[in-house]
Amino acid sequence: MIKDRKLITAYDFGYLIKERRRALSLSQTALAKEIGVSRRWVSNIETGKETAELVRVIRALRFLGISLKATSNPEIEAEIPPSLARLLAHRDRIGLPRLRTHSLR
Numbered sequence: 001m002i003k004d005r006k007l008i009t010a011y012d013f014g015y016l017i018k019e020r021r022r023a024l025s026l027s028q029t030a031l032a033k034e035i036g037v038s039r040r041w042v043s044n045i046e047t048g049k050e051t052a053e054l055v056r057v058i059r060a061l062r063f064l065g066i067s068l069k070a071t072s073n074p075e076i077e078a079e080i081p082p083s084l085a086r087l088l089a090h091r092d093r094i095g096l097p098r099l100r101t102h103s104l105r
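UniProt numbering applies: residue 1 is where the sequence shown begins, and numbers increase by one.
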């Protein structure tokens with residue numbers, strides 16, 4: 001079972017994939033075959049190489065039984081420029097969509 005954790009960098013995602021793959025007793029080659037990528041791609045993502053395609057990362061996570069949940073980050077929200085903060089405060093009135101939390105399954 002995977003506990004909730006922050007995934008900030010490519011390395012964080014890669015480590016999560018590696019950890020789960022090992023917990024399932026899968027080799028890099030077996031995982032690669034299941035998700036339609038090369039073993040080298042699996043190795044690259046597990047070591048945090050930042051050129052991995054997002055669709056392939058999501059496919060790997062899905063196969064390994066990992067879902068993603070996107071949430072707002074108060075630390076980042078604190079860095080929003082005042083002009084954008086004012087715009088977001090009036091988003092309903094001007095027809096901007098609200099941000100939602102999504103789960104990738």
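Don't read these hints as lab results, they were simulated from the structure. The reader is advised that the hints may include incorrect statements.
Across the chosen pairs, the derived CB separations fall in these ranges [to be verified]:
(1) 39 to 83: 40 to 50 Å
(2) 48 to 86: 34 to 44 Å
(3) 90 to 68: 28 to 38 Å
(4) 34 to 81: 42 to 52 Å
(5) 49 to 86: 16 to 26 Å
Backbone N, C-alpha and C define an ideal beta-carbon position, used for all residues, glycine too.
How the hints compare with the structure:
The given range of 40 to 50 Å is respected by residue 39 and residue 83, whose C-beta atoms sit roughly 48 Å from each other. At roughly 37 Å, the beta-carbon separation of residue 48 and residue 86 lies within the given 34 to 44 Å, and the hint holds. Range check, residue 90 to residue 68: Cβ separation about 30 Å, and the 28 to 38 Å hint holds. Against the hinted window of 42 to 52 Å, the Cβ-Cβ separation of residue 34 and residue 81 comes to about 44 Å, which satisfies the hint.
Range check, residue 49 to residue 86: Cβ separation about 39 Å, and the 16 to 26 Å hint is violated.
Against the hints set out earlier in the document, a violation occurs for number 5 only.
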